[in-house]
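Q: Here is what each chain is made of, one letter per residue.
6 protein chains.
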Amino acid sequence: MATASLIEYADASPEVRAVFDDIKRTRNIPDVNNFWKALANHPETLKRTWETLKEVMRPGALDPLTKELIYVAVSVTNNCDYCIHSHTAAARARGMTAAQHQELLAVIGMASQTNALSIALKVPVDPQFLC
Amino acid sequence: MATASLIEYADASPEVRAVFDDIKRTRNIPDVNNFWKALANHPETLKRTWETLKEVMRPGALDPLTKELIYVAVSVTNNCDYCIHSHTAAARARGMTAAQHQELLAVIGMASQTNALSIALKVPVDPQFLC
Amino acid sequence: MATASLIEYADASPEVRAVFDDIKRTRNIPDVNNFWKALANHPETLKRTWETLKEVMRPGALDPLTKELIYVAVSVTNNCDYCIHSHTAAARARGMTAAQHQELLAVIGMASQTNALSIALKVPVDPQFLC
Amino acid sequence: MATASLIEYADASPEVRAVFDDIKRTRNIPDVNNFWKALANHPETLKRTWETLKEVMRPGALDPLTKELIYVAVSVTNNCDYCIHSHTAAARARGMTAAQHQELLAVIGMASQTNALSIALKVPVDPQFLC
Amino acid sequence: MATASLIEYADASPEVRAVFDDIKRTRNIPDVNNFWKALANHPETLKRTWETLKEVMRPGALDPLTKELIYVAVSVTNNCDYCIHSHTAAARARGMTAAQHQELLAVIGMASQTNALSIALKVPVDPQFLC
Amino acid sequence: MATASLIEYADASPEVRAVFDDIKRTRNIPDVNNFWKALANHPETLKRTWETLKEVMRPGALDPLTKELIYVAVSVTNNCDYCIHSHTAAARARGMTAAQHQELLAVIGMASQTNALSIALKVPVDPQFLC
Chain A
5 MATASLIEYA DASPEVRAVF DDIKRTRNIP DVNNFWKALA NHPETLKRTW
55 ETLKEVMRPG ALDPLTKELI YVAVSVTNNC DYCIHSHTAA ARARGMTAAQ
105 HQELLAVIGM ASQTNALSIA LKVPVDPQFL C
Chain B
5 MATASLIEYA DASPEVRAVF DDIKRTRNIP DVNNFWKALA NHPETLKRTW
55 ETLKEVMRPG ALDPLTKELI YVAVSVTNNC DYCIHSHTAA ARARGMTAAQ
105 HQELLAVIGM ASQTNALSIA LKVPVDPQFL C
Chain C
5 MATASLIEYA DASPEVRAVF DDIKRTRNIP DVNNFWKALA NHPETLKRTW
55 ETLKEVMRPG ALDPLTKELI YVAVSVTNNC DYCIHSHTAA ARARGMTAAQ
105 HQELLAVIGM ASQTNALSIA LKVPVDPQFL C
Chain D
5 MATASLIEYA DASPEVRAVF DDIKRTRNIP DVNNFWKALA NHPETLKRTW
55 ETLKEVMRPG ALDPLTKELI YVAVSVTNNC DYCIHSHTAA ARARGMTAAQ
105 HQELLAVIGM ASQTNALSIA LKVPVDPQFL C
Chain E
5 MATASLIEYA DASPEVRAVF DDIKRTRNIP DVNNFWKALA NHPETLKRTW
55 ETLKEVMRPG ALDPLTKELI YVAVSVTNNC DYCIHSHTAA ARARGMTAAQ
105 HQELLAVIGM ASQTNALSIA LKVPVDPQFL C
Chain F
5 MATASLIEYA DASPEVRAVF DDIKRTRNIP DVNNFWKALA NHPETLKRTW
55 ETLKEVMRPG ALDPLTKELI YVAVSVTNNC DYCIHSHTAA ARARGMTAAQ
105 HQELLAVIGM ASQTNALSIA LKVPVDPQFL C
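Protein chains in written order, with my numbering: chain A, 5 to 135; chain B, 5 to 135; chain C, 5 to 135; chain D, 5 to 135; chain E, 5 to 135; chain F, 5 to 135.
Here chain A stands alone, though its shape is the one from the complex:
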């Protein structure tokens, strides 16, 4: 159960509806997902978060699927239940295959292991890695 109410479109202020409309139009979906309904309690945060997300995730030097894979990697490492589900779905919507999903997980698992070993051993950084 959420720690704030979910604001539905029918109950939203014009300011919130404008953001919801832009999300629906940009993503071509009939309704926004719960994350945005929860953020709608704070219209300023809703607007800023959506606009930043749109800017950060648009195609650039990295393509949208690569960005979603990175998003999933961070969400798994932060153990964000909602984000793992929503961004795994988003990655699939952008074309992530089952094989890519499994390799993504293998890299996340491997990195988690060597991260822990490096931290435990307090390995000094090699000079060639300090550019």
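Think of the hints as simulated: they come from the structure by calculation, not from any bench.
Accuracy of the hints is not assured; some may be wrong.
Intra- or inter-copy, both count: the list cannot distinguish identical chains.
Listed next, the in silico DSBU-like pairs over lysine-lysine satisfying Cα-Cα at most 30 Å (straight line) [said to hold, decoys possible]:
| id | residue 1 | residue 2 |
| --- | --- | --- |
| 1 | K126 | K51 |
| 2 | K28 | K58 |
| 3 | K28 | K51 |
Got chain A; can you put chains B, C, D, E and F on it based on the hints?
A: Coordinates of chains B, C, D, E and F only, in the frame set by chain A:
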């Protein structure tokens, strides 16, 4: 300062040298980096970690640069100093441009923010994300 | 489902009942919440945790609401489901308004983002911050 | 050592200088701190991060000192070296006393402990905490 | 709900069945637990993870119960719901008493608190701890 | 550099000296380590933390070395630089061999990997693990 000694090639057992040789050959470098020298205190862990890493990071459904970007994302989220330096360097060696690095960071930052917001709000997962 | 049983007042030892009684009296509530019932498996930990919590959270240089906001911030960052729910409720009981909740979340989200960026960039600490 | 170069004002583009100027003016300081110099490699991220930070940290339903205390709490929990130093300094600049700093730390320490205990025990959330 | 399907023995490839058979034989159980069924989407990761786990957790310089206690400590700190449940059960199966479970939790809680305090205070490492 | 001054014995209040004396006597060491000097800014936290640590770490259902191994596991997972160094040293002082240290690290690394995989796959908990 490391919590275990760094084993140099000259002081290594044949078992350790065999792994060091394979790392040097595979990566075409004159010496292994400190992570492997620290792991060499436990030849079994050294061998297994290297063989797994080689298998996980080889080209597959995801290309090596994408895998390194994911590795950096996990390492940043786990706050592993050594791993951030070594895998940022590895990503550059695989062709990561400055623009790609900056977009990688922007996605990591954005994901960290929405992860925190989703967690704080305990947003219930939408049914369409549960495949 | 808990990894240890929840001890109800009726089944508790005199030592545990004494702590439960103090919690109920201090907070003016009819029953203790599940956290204390789970801790009651270890009466020593139960007593010490309650006494420390009482001491740490009492009004001092910081007022109780500010302390609860800090508690929520840590709980969100540690992703503790139970603690987010219980301390968000506690903050509300101490007067946290909806507007304050939203600003609390905005700060947590912003800090999470700049934390990730600083960690990724390994920004050296400016001398003026080292007092 | 940073994983990206620090951009000094003298070497910055007009777009970056405009943000640097706003930071210096807003905070009444002669130079921006290293975080902004590192972000300046990505002018878009620099601008967005600064504008969001300014908006999030301005006085609102919560006062600026309370916001800095929350920022420190998140930064400690995320173990961000740079952020702990810079935001502890910022909290002091906003009037945090030594006594308040110590209570802030006591709450962070206590929350970290009860977070771990709640997570280990998988305590079910009490119905009264689910609003 | 899992982000990948759970592969049952009846539907598994010969390669997956061979690993499932080894898990069942080694642990003397009628069916593998869900973790392995989820990993079975990626036979290579399934095989490698099982073989490494078997090697790492076998009796050595540390006994199997001590290894399970360490596994629980890491899983609690990483807040892995599944792992807390499965490894608390595994520790019990290896003889962990209720008193040992409570002391394990007390140490985890205490370490979490002093970790947070040390991080917040940025305590410099004493020379005698640097071997 | 610490975010609070380190209080030396010569400059300490009688209340702080009493705790320092107890630490030195209990551990049979000539001076307390920096963690306690930093905590001494808050005599109440110093006293409570020391007394709790003494109680939690004393021999009980788990022996002191096992408790130190668990402490290291939590500290590595929380990435606490100071705590990794001080508790690795404490474990060595309690008899941890090089082989035990390496197995400790192997378990921490393995747990970190399966934690990440379980979290990413959102594996549902098997009924037999819910006691």
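Q: Please go over all the hints and tell whether each is borne out by the structure.
A: Hints and how they fare:
| no. | hint | in the structure |
| --- | --- | --- |
| 1 | K126 x K51 | between (42 Å within a copy, 20 Å between copies) |
| 2 | K28 x K58 | both (12 Å within a copy, 29 Å between copies) |
| 3 | K28 x K51 | both (14 Å within a copy, 27 Å between copies) |
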